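Trainee: What follows is the residue order along each chain.
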Amino acid sequence: MRIALFVTCLADTLFPEAATATVRLLERLGHQVDFPTDQTCCGQMHVNTGYPDEAVRLVRRHVRVFAPYDVVVAPSGSCVGSVRHQHPMVARRAGDDALASRAAEVGRRTYELSELLVDVLGVTDVGAYYPHRVTYHPTCHSLRLLRVGDRPLRLLRAVRGLDLVELPQAEQCCGFGGTFAVKNADTSTAMLADKMRHVLATRADVCTAGDASCLMHIGGGLSRLRAGVRTVHLAEILAATEADTDPPGGRDRTGPASRDTAAVAR
Amino acid sequence: MSGRGGAGRTTFLGMPATAPPGVGNLRGTEPFPAAARRALGDAQLRRNLRHATGTIRAKSAAVIDEVPDWPQLRAAGRAIKADTMARLPELLEQLEAAVTAAGGTVHWATDAVEANRIVTELVQATGADRVMKVKSMATQEIGLNEALEAAGIEPVETDLAELIVQLGDDRPSHILVPAIHRNRAEIREIFLRAMPGVDPALTDEPAVLAAAARRHLRETFLATRVAVSGANFAVAETGTLAVVESEGNGRMCLTLPETLITVMGIEKVIPRWADLGVFLQLLPRASTGERMNPYTSLWTGVTPGDGPQQVHLVLLDNGRSAVLADEVGRQALHCIRCSACLNVCPVYERTGGHAYGSVYPGPIGAVLSPQLTGVADNASLPYASSLCGACYDACPVMIDIPSILVHLRAQAPHPRTEAAAMAAAAYTMDHPALYAAAQRAAGLGRLAGRALPPPLNGWTASRDMPAAPPQTFRQWWAEHRSGS
Ligand code: SF4
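These protein sequence lines map, in sequence, to chains W and G. In this text, residue positions in the first sequence follow the numbering used here: the first is -15, and each later residue adds one. In this text, residue positions in the second sequence follow the numbering used here: the first is 71, and each later residue adds one.
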């Protein structure tokens, strides 16, 4: 199947390992990945900060770039949520009903990674090997906007060597919330403190999720505490195999990047 | 419904007015982040809220799980409310006619000032200098107690939690349990300090505290001739008003006095008697986690020789018509004040209700208060949410609170520097070459240190920024995949 990668601006800029892992994983499963290079950002930051009018041009761009594809995947529940739920709303608000219906169409063909794997490609065992103790945080937009349910957990349970431990109060928000983490930094930190407490209680080595944004928040907090728990995107775990010399995922966050992204991706 | 007046008066004169400043309790004195910061440092408050919201969440979830048709009930609740809002003027006139036919008197109040004046004059006309109150959000909203006190009338709160707030000279922090921020030990101290004739040997056992309140209130129930209530529902077709409560104190107020004055937001009307069946199933399970509400009082005008013989209904607008005029925001008027959204909100659980400034805290407060006052007067509230969506899932009438929050953020006044940065970012992101250049610059910049400049330094106060990757994804793609 030909699948377009909607990389998301955050993964593109700061967490390319989540995106390269998505590419490797889908290619390993026998699919062809396209990366339309005219894509930039879905505009969620603008919409959620109160600038839907500024976001219109980004919605228009996104729709134009991805309209030619039957299947689009993003390694982010939040950005897929934005494409599916906010894009038509932003277009309608701007009085552009044609754009709204095209955006809705693109939204219907856009999948979060675990949705794509389980629902569209029909796999739960992706042939991954990841010998670590892992806990999974269901990000709010995956959980409540997309309703990915237990798809990520089913995928993780099929990973060889992986010791999956349940996260207490998993469904509580980690406190990221995009603009919320900046405008309400204190409350955001209070929420993060509880999330980190629960992550540490699992004694996991790795905390994973389907959103680089929430992982940046949780990982940033854990790093500040020097807690010794890495945050690793779900795509990186699913992309990992016995053939990997370097255990994938978890770029050292306490200093300049130590690993060559290119090497990870062969 | 702009303006008062009886049947047939539905003329709109421009945009409906918002709730006036200087009266009532819809506006805080400081922005949410500042108030929240103080609350977050209060260990006792954090503990009380964590315990109380955790308990009520578990209880509610358990009884909701028992109902196989909960999703259908929620959808029915939403549909009834949407239908109500679509023909609110007509239903209010029907309600007015039905209440009047049953011997009640209906008054229309454009705003808090007018409602307070109407109630004060009605009390004065009875010659009473004291009224007993059934717990009501509408009267808290308009600051009725303050208005009555200014007129020399003593309002006595009879809801236990509201009484604790009143005796403690405090502000309510939850729409169902106004004293949720207090624990038993604190309540005992308040009673010892402020309850006349209280037994000095009072302990902090819940039953003992409740008994003390009951003794204190009994005299009030028997000696007070006027009561003021709110209403949870008003049935347009029958003129029946409903108050839903757990203690029975409300029942006393609604049945014992000679005069009963009810202040009700205009959105509380429901079309049919049968609709009550939907809401009386939804409300207790979502609200207190009970299967059935303990005390549901219903009254229709005046019943000769039984209960209050003077029955008044004050229909309060106070910005609601303005909310109704907003296609997205009007959903906030569907609220049945169950407080489920507060109990599941991770922000509310940590900051408590006072941080929101308004009597309506939590997720519903964050969308209702700014709409009632105009967004500029509560500009920080639409941002007081991580948009996690727990409120939407919990709401028994399916109010899409996250979407309203985002909608209101667009109406909020924006800091000039932020607006400029957002416009620049949108421009850059609409030009892939500029965007790629900006990405590389950002990567290099971040190598310099781990603290971001203002206004982003809130991030690095408690979290490290990730180290920049050696190359962006699009650089990797260009090297490894493009052209393949
Ligand atoms: S918004 Fe919904 S959940 Fe919140 S108080 Fe109102 S009815 Fe209850």
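These are computed hints drawn from the structure, not numbers from a lab. In this text, all values refer to a predicted model and were calculated from it rather than measured experimentally. Careful, some of the hints might be misleading.
[Said to hold, decoys possible] Coverage of chain G stretches by chain W, computed from C-beta distances (three or more under 8 Å per stretch; other residues unrestricted): (1) 186 to 196; (2) 247 to 254; (3) 300 to 313; (4) 376 to 382.
[Said to hold, decoys possible] As a list, the in silico DMTMM-like pairs of lysine to aspartate or glutamate whose alpha-carbon atoms are at most 20 Å apart: (5) G:Lys129 with G:Asp139; (6) W:Lys167 with G:Asp139; (7) G:Lys129 with G:Asp447; (8) W:Lys167 with G:Asp447; (9) W:Lys167 with G:Asp463; (10) G:Lys129 with G:Glu488; (11) G:Lys129 with W:Asp170; (12) G:Lys129 with G:Glu317.
[To be verified] A partial selection of chain W residues facing chain G, derived with a Cβ cut-off under 8 Å: (13) Cys25; (14) Val149; (15) Pro152; (16) Ala154.
Note that CB positions come from ideal geometry on N, CA and C, so glycine has one too.
Trainee: All hints, please: hold or fail.
Mentor: A quick look at each hint next to the structure:
no., hint, result
1, 186 to 196, "violated (count 0)"
2, 247 to 254, "violated (count 0)"
3, 300 to 313, "violated (count 0)"
4, 376 to 382, "violated (count 0)"
5, G:Lys129 with G:Asp139, "holds (18 Å)"
6, W:Lys167 with G:Asp139, "violated (40 Å)"
7, G:Lys129 with G:Asp447, "violated (36 Å)"
8, W:Lys167 with G:Asp447, "holds (17 Å)"
9, W:Lys167 with G:Asp463, "violated (24 Å)"
10, G:Lys129 with G:Glu488, "violated (43 Å)"
11, G:Lys129 with W:Asp170, "violated (29 Å)"
12, G:Lys129 with G:Glu317, "holds (18 Å)"
13, Cys25, "holds (5 Å)"
14, Val149, "violated (22 Å)"
15, Pro152, "violated (12 Å)"
16, Ala154, "violated (13 Å)"
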